[in-house]
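Since the structure of chain A is provided, determine the placement of chain B on it from the hints.
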Amino acid sequence: MDVLNNLVFGFGVALSPENLLFCFLGTFLGTLIGVLPGLGPTATVAMLLPITFYLPPVTSLIMLAGIFYGSQYGGSTTAILVKLPGESSSVMTCLDGYEMARQGRAGAALAIAALASLFAGIVTTLVIAVAGPPLADIAILFGPVDYVALLTVGLIGAVVLAGGSIVKAVAMVLLGLLLGCIGTDLSSGEKRYTFDLVVLYDGLGFVPLAMGMFGITEIIASLDETGGRGRAMASIARLWPTKEDFRRSWPAALRGTLLGGALGILPGSSATLSSFASYALEKRISDRPQDFGKGMVEGVAGPEASNNAAAQACFIPMLSLGVPPNAIMALMIGAMMIQGIQPGPLVISSQPALFWGMIASMFIGNVLLVLLNLPLIGLWVRLLRVPYTILFPIILVFCALGTYSLNNSVFEVGIMAAFGVIGYVFRLTGCEAAPLMLGFVVGPMLEENLRRSLVISQGNFMVFVQSPISATLFALSAALLLLMLVPSLKRKREVL
Amino acid sequence: MAKLKWFATVMLVFGLTTSAQAQYPAKPIEMIVAYSAGGVTDLTARIVASFMEKYIGGRTKIVVVNRPGAAGEIGFTALAEAKPDGYTIGFINTPTILSIPIERATKFTWKSYDLLGNLVDDPSGFSVHKDSQFRTLKELQAYAKANPGTVTVGTTGVGSDDHLAMLAFQRAAGVKMTHVPYAGGSMVRTAVLGRHIAVASINIGEAMQYVASGSPFVQLAQAGAMRSSVAPDVPTFKELGFDMESNAMRGVAAPKGLPPEVRKILEDAVTKTAADPEFQAKMAATFSPMRYLPPAEYAVALERAEQLLQKLWSEEPWSPK
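Chains as they are written, first to last, in my numbering: chain A, 1 to 496; chain B, 1001 to 1321.
Next up, chain A with everything else stripped away, as it sits in the complex (with noise of 0.2 Å):
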């Protein structure tokens, strides 16, 4: 057994006490950014960049590494207790993580999401470490005209997402594509909705218009609907998760863990779209798709394993092929490169001492994190008893530290909380967020590869269905559309 030979040997210069102290740094530091709103692993790895001149290479490669996948661990924290999104891929565990604490299951909710992620994290990173570089060259195959399939399966999928009337689910998927049509157009150069401003040449951001629409919209529905006191929690009568909820959030992770997988080794996916599709997949096929946004542990479960096993899985082809998914990779491959190492198709047989030793890392970091997570449940979930006259003062300046921290621009400060007050007005009229935000995730994606496949193809539609993913992921969405158009018409969207 090769791997196993490789992995022991990884295990090796991991558990070196040096590595594995900066292993827990890492860690520890990842989950501490991940809880604070806004302020993300990418700011803080550019932050120690230039500490880690001065470290082998294989430890700093640890201690970034565990910053990341940390912080995805403590970005669900804040989106469970506040309904306040700590990273953009824990967007979905607001809707039935916060349901869950208000209804007294706090502690449940970050349990679940801690173990879902240790689940999915060492799933994921027994497939690095078996098959990391052969998935990595099937995954440069998908092409602009694949990724288009895939994002209108996406896309059909969003409209699941919203739990009442599906003309407003449309509505807000609509919305959000034509939000995410502000800026500079990528293929022409033309700015489009930007009224002259500088600040809007590339177009909203993600953080701002999710920080708004659920952190903000949260505390002015909670403070309205209760003359200003904020609403109280449900007293927490058990801490930790039932036998109930493991059984139900198992199968959840399970399916997170695989759908975050496949979709974090292509370059052109990202975490927060693998969350999104988790909670559409999870919702879909539940006998009680009615409940969610209403405190589903399945909600929770699937999206948290679901966003971990993505930011895992994205080491695969930032390792085996050099190509950076976002931008923390590229500050990783910059780390490497400065210690003179290429990261590349070579790097595993020219570095297996890095290679094996940061795969072994990354097991022994999500021990660590489940180790630590899980004892400060007990102290978050007392963080709820603040009364909320005290505790939302408070989000609210981390909500704008957090935002402003992202690009260093007051400009989007403003656009969150102008997406606060928009929120609240959609709330007021029954419409959801999260279609919306799955638009706009979606829409520049799916619109800059379609342009894309079509100026490479040179305006032949025909390679569509030529390709074999693209027509399979089509025939898919056409069954999708269908399976959730015919049922839902005849009942449960009643609301129509």
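Read the hints as simulated data drawn from the structure, not as lab findings.
Any given hint might turn out to be false.
Stated by the list, open to error - Each computed DSS-like pair below joins lysine-lysine, with the alpha-carbon atoms no more than 25 Å apart:
id, chain 1, residue 1, chain 2, residue 2
1, B, LYS1107, A, LYS191
2, A, LYS168, A, LYS294
3, B, LYS1130, B, LYS1256
4, B, LYS1027, B, LYS1176
5, A, LYS191, B, LYS1311
6, B, LYS1176, B, LYS1238
Said to hold, decoys possible - Here are a few chain B residues that sit away from chain A, every Cβ distance over 12 Å (derived from the structure):
id, residue
7, GLY1075
8, ARG1104
9, SER1132
10, VAL1218
11, SER1229
12, PRO1235
13, ASP1243
14, LEU1258
15, GLU1261
16, PRO1277
17, PRO1295
18, VAL1300
19, GLN1307
20, SER1314
Values in this document were obtained by computation on a predicted structure and should not be read as measured data.
Positions of the beta carbon are idealized from the N, C-alpha and C atoms, including for glycine.
Same frame as chain A, but now just chain B:
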């Protein structure tokens, strides 16, 4: 007694302020990077900052601040509008520092800055997959001439140096190719690896790093005036008979009007950084081709590049006017 205390306080405050002025820097210096963390400029800036800290001396702290957006315009504007007190410096990048003011009204031109020195000069270049049907630039030209509009060229967006290089090649070679813009260099590279596009128009430093990492990449040509230090075996477009130049220069600048003594300190720090062998080793490791230019020569280079771009803009604008 009370009067004496008062007097002492005033003297103390006065003393502190005068010594603060005499001893620049008395607080952390911000280094604005007009691109996101994780990009090539960001990486260079973080290395440069750590060396400039050393050469300015004392307990100098240089903090890299990313102000990304609008292809660099947001960061460049922030740098141009900052107080010229030496506590805000930043990176300026060609061609965008020159091309954005040509495209539209801006609050800056390259003359809005006190130049402190150029550090990097990364030529544009064409790369293909190693199994590509094109083995030389001539073959690419011949094919593109026979089949207009069928050769797909990936770039990092409208108005980027990669795009300008592609336009320049079309003019020099008398061909027409298809422009496929991407949001980042790594996406262009992935597209070539997956054989979704034929040619990657990417900077030679980036391309050589991919080759060093074992990726199946072949460089057809580089677009500098001469061969870059990171790619001594790759011919230039000029050598192959195509009269064109395209590059991305990255240098350090400050808002115009620095106090002369502060300016001297910063210029010296950049000069010493550029001459530091350890710094040079880090730049080589990150495949950032170095070309140190003192402020006066930097200005000449920018002036010349600006004229070339203006000519191109009047003949064949690269983005909607």
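These are the hints, each one checked on the structure:
Pair hint LYS1107(B) plus LYS191(A) holds up; C-alpha atoms about 18 Å apart against a cutoff of 25 Å. Taken as a hint, the LYS168(A) and LYS294(A) pair is honoured in the structure, with Cα atoms around 19 Å apart against an allowance of 25 Å. Among the hinted pairs, LYS1130(B) with LYS1256(B) is inconsistent with the structure: their alpha-carbon atoms are about 47 Å apart, more than 25 Å. Using a Cα cut-off of 25 Å, the hinted pair LYS1027(B) and LYS1176(B) is violated, with the two alpha carbons roughly 54 Å apart.
For the proposed pair LYS191(A) and LYS1311(B), the alpha carbon gap of about 24 Å is at most 25 Å, so the pair holds. Under the criterion of a C-alpha separation no larger than 25 Å, the hint pairing LYS1176(B) with LYS1238(B) is consistent with the structure, at around 19 Å. Listed as a non-interface residue, GLY1075(B) fails to keep its Cβ farther than 12 Å from every Cβ of chain A; the least gap is roughly 10 Å. A Cβ of chain A approaches the Cβ of ARG1104(B) within 12 Å, the least distance being about 9 Å, so the stated non-interface status is violated.
At the 12 Å boundary, the C-beta of SER1132(B) stays outside the reach of chain A, the nearest C-beta of that chain being 15 Å off. Distance check on VAL1218(B): its Cβ is at least 15 Å (rounded) from any Cβ of chain A, clearing the 12 Å threshold; non-interface status holds. Against the 12 Å criterion, SER1229(B) stays outside the reach of chain A, whose nearest CB is about 16 Å from its own CB. The claim that PRO1235(B) is not at the interface with chain A holds, since no C-beta of that chain comes within 12 Å of its own (minimum 23 Å).
Interface exclusion of ASP1243(B) from chain A stands, the closest Cβ pair being 26 Å apart, more than 12 Å. For LEU1258(B), the condition that its CB be more than 12 Å from all CB atoms of chain A holds, with the nearest at approximately 22 Å. GLU1261(B), annotated as away from the interface, keeps every beta carbon of chain A farther than 12 Å; the closest lies near 28 Å. Against the 12 Å criterion, PRO1277(B) stays outside the reach of chain A, whose nearest CB is about 15 Å from its own CB.
Every CB of chain A is more than 12 Å from the CB of PRO1295(B) (nearest about 26 Å), matching its label as outside the interface. Once the 12 Å rule is applied to beta carbons, VAL1300(B) is consistent with being away from chain A; the minimum gap is 29 Å. Once the 12 Å rule is applied to beta carbons, GLN1307(B) is consistent with being away from chain A; the minimum gap is 22 Å. Every Cβ of chain A is farther than 12 Å from the Cβ of SER1314(B); the closest lies at roughly 17 Å, confirming the non-interface assignment.
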